[in-house]
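Chemist: Can you make the complete structure from the sequences, with help from the hints?
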Amino acid sequence: MPQKNKKTTIAKHRPIAKKNRVIKKPTIKKSGSDSKKTTLSTPVKDDGTKTASIKNMFSALRGMKDILPVDERFWRTLYHGAEDIATAYNFHFIETPILEHANVFIRSIGKGTDVIDKEMYVFEDRDGMKIALRPEGTAGIVRAYISHGFQTQPQPVKVWYYESMFRHDRPQAGRYRQFHQFGCESFGIRDAVIDAELISVAYHFINDLGIDIQVKMNSIGTVEDRQKYIVELVTYLRQKRSYLCEDCKRRINKNPLRTFDCKQEQCQQVKAEAPQIIDWLSEDSKKFFMKVLEYLDELEIPYILDTTLVRGLNYYTDTVFEIYEEDENGSQSALGGGGRYDLLVEQLGGLDTPGSGFSIGLERVVSVMKRREQASGKLVGVDPYSSIYFAQLGEQGRRRGLLLIERLRLNGLVVHHNFGKSSLRVQLESANKFGATHTVILGQKEVQDGTIIIRDMESGIQETIDQKKLVHELSKLSQ
RNA sequence: GUGGCCUUGGUAUAAUGGUUAUUACUCCGGGUUGUGGUCCCGGUAAUACGGGUUCAAUUCCCGUAGGCCACCCCA
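Residues in the first sequence are numbered from 614 upward in steps of one, following the numbering used here.
One or more hints might be untrue.
Pairwise CB distance ranges (calculated) [unchecked claim]: (1) 946 x 840: 27 to 33 Å; (2) 760 x 702: 20 to 26 Å; (3) 787 x 856: 29 to 35 Å; (4) 1076 x 1046: 20 to 26 Å; (5) 1077 x 1012: 16 to 22 Å.
Okay, derived cross-link-like pairs now, PhoX-like style, lysine-lysine, Cα gap no bigger than 20 Å in a straight line [claimed, not checked]: (6) 724 x 743; (7) 724 x 867; (8) 731 x 743; (9) 841 x 900; (10) 829 x 743; (11) 1058 x 1082; (12) 867 x 853; (13) 829 x 899; (14) 1046 x 1034; (15) 1034 x 1058; (16) 983 x 678; (17) 899 x 841; (18) 904 x 862; (19) 1058 x 1081; (20) 731 x 867; (21) 853 x 841; (22) 904 x 829.
What the hints contain is simulated information worked out from the structure, not anything from laboratory work. Please read these numbers as outputs of a predicted model, since none were measured by experiment. Heads up, the beta-carbon is just placed ideally off N, CA and C, and yes, glycines get one too.
Modeler: Put into structure tokens, the structure is as follows:
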């Protein structure tokens, strides 16, 4: 047996030990290190379920990610961008619960989709109710539309959301088990202009960030159109079966529309001559689609027709689209997508109500923003904070300081400060670290005199002014 | 879900089958009283987890977890 004590004592696990280390150590030794050892290690099963070891608890669950202050500028830029554009187009904020009856999603997204069959978090709650973490936004909003009788409001009813979604997929860059989507939905009117408006919002939301994107457009028509088309496609693919790769042979039965995604050369050739869904659309659907495209032309939104585009959710009818980053290197992933779903509301138990919407994956947008930031060397987003630092000295300085900070806030002025620090030296150091242009200094003496010092951080020149003039002086500086 | 590569303090790294595991940055404290950007000193902090081989493993082997990449799919 190794006599080396394996170091696996509690003291080694920093989060627990830390300060108490010295004091607690003896106690632990007394209480027998064997038991401690077992509790600390082994992330093993216990009647089938897995339990995290103490150490594992300090890393996030697989596929889950902390959004940290270092990325604040990206996330705040996105949130404000979403809020601004949605508001400008008269969409109204909505937030539905993270948890819904599993059926809300199953009945709308549809069995047979990966999202439902393989990725949705479904479980029973303590009442034995089968519930699910939302894997996408539309279904829950449709449910809300129905249950709150939105059909009695002026149509179209337009809403936007900014929420977390959950899918138990295998994590990869840009693919998480919890991710955020910004999306818009428009209910109650079947008109191509509605679709064009949504695409325009989605397009400009991303394009405003300076990201070049490409909109892929397609129409999958009505359910009947699609059925007829799929029959045709399968027939065709079966004829050419011997030319296809193994994967595609498999797809013929499982998901014929997906054969178009294959990158194998021989398959590509087969597909080039395959029947296209556009040719199988009903007159109405065809006209509708043409109309959408005309609007996009008018809006000067660049798009490409992609007759192979199908979406992973079953509720779409007619218009479907996806937004890709315009990037030459092959493996690109969609930043967002959407489409029309004229049957969905009724399908979930509401009145016959057309609808259309989109959603955008924010983690993916952030990763593009980061890449662009690195390439250009230009920081993304606006620093929402002030360039003025407020330093305080002594008990009186603190008290008076807090008061002044509140007074500044009421005048629309924001200052950096750190009242946890007491030495002026340290405060100036941090003022310097975040690049303050000026530091306001308030010590005992100033409190007594009713004055305050403003220090120019670059030149080091200081000016003592009357506290009453502080708001005025700082307003000048922050212009 | 399938396959490949990877895993040393908060971050980035060095090294080794054998006494206190390197360095830098960050963070905390100090260089005498209320003045930063340089400098100096000190401190906190790591071999993902579990098992095996071995007298001895952070180092070799296996398993697990996690990350990345490709497939699948999509956001």
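Chemist: Give a verdict on every hint.
Modeler: Against the structure, the hints come out as follows:
1. Range check, residue 946 to residue 840: Cβ separation about 29 Å, and the 27 to 33 Å hint holds.
2. Between residue 760 and residue 702 the C-beta distance comes to about 25 Å, which sits within the given range of 20 to 26 Å.
3. For residue 787 and residue 856, the Cβ-Cβ distance of about 33 Å falls inside the hinted range of 29 to 35 Å, so the restraint holds.
4. Separated by about 23 Å at the C-beta atoms, residue 1076 and residue 1046 satisfy the suggested range of 20 to 26 Å.
5. For the pair residue 1077 and residue 1012, the supplied restraint of 16 to 22 Å holds, since their beta-carbon distance comes to about 20 Å.
6. For a cut-off of 20 Å, the pair hint linking residue 724 to residue 743 stands: about 16 Å separates their Cα positions.
7. Pair hint residue 724 plus residue 867 holds up; C-alpha atoms about 13 Å apart against a cutoff of 20 Å.
8. Proposed proximity of residue 731 and residue 743 is supported: the alpha carbons are some 16 Å apart, at most 20 Å.
9. Taking the CA atoms of residue 841 and residue 900, the gap is about 18 Å. The hint holds against a cut of 20 Å.
10. Proximity of residue 829 to residue 743 is assessed by CA-CA distance (about 36 Å); at most 20 Å being required, the pair is judged violated.
11. Among the hinted pairs, residue 1058 with residue 1082 is consistent with the structure: their alpha-carbon atoms are about 17 Å apart, no more than 20 Å.
12. Of the pairs offered as hints, the one joining residue 867 and residue 853 holds, with about 16 Å between alpha carbons and a cut-off of 20 Å not exceeded.
13. Taking the CA atoms of residue 829 and residue 899, the gap is near 17 Å; set against the 20 Å cutoff, the hint holds.
14. A hinted pair counts as satisfied when its Cα atoms are at most 20 Å apart, and residue 1046 with residue 1034 qualifies at roughly 15 Å.
15. A hinted pair counts as satisfied when its Cα atoms are at most 20 Å apart, and residue 1034 with residue 1058 qualifies at roughly 18 Å.
16. Taking the CA atoms of residue 983 and residue 678, the gap is near 16 Å; set against the 20 Å cutoff, the hint holds.
17. A C-alpha spacing of about 15 Å is found between residue 899 and residue 841, which places the hinted pair at or below 20 Å, so the restraint holds.
18. With a C-alpha separation of about 36 Å, the suggested pair residue 904 and residue 862 falls outside the 20 Å cut-off, and the hint is violated.
19. Restraint check: the Cα-Cα separation between residue 1058 and residue 1081 comes to about 16 Å, which is no more than 20 Å; the hinted pair holds.
20. Simply put, residue 731 and residue 867 have alpha-carbon atoms about 15 Å apart, close enough for the 20 Å limit, and the pair holds.
21. For the hint pairing residue 853 with residue 841, the CA-to-CA distance comes to about 19 Å; that is within 20 Å, so the pair holds.
22. Of the supplied pair hints, the one linking residue 904 and residue 829 holds, its CA atoms being roughly 16 Å apart against a limit of 20 Å.
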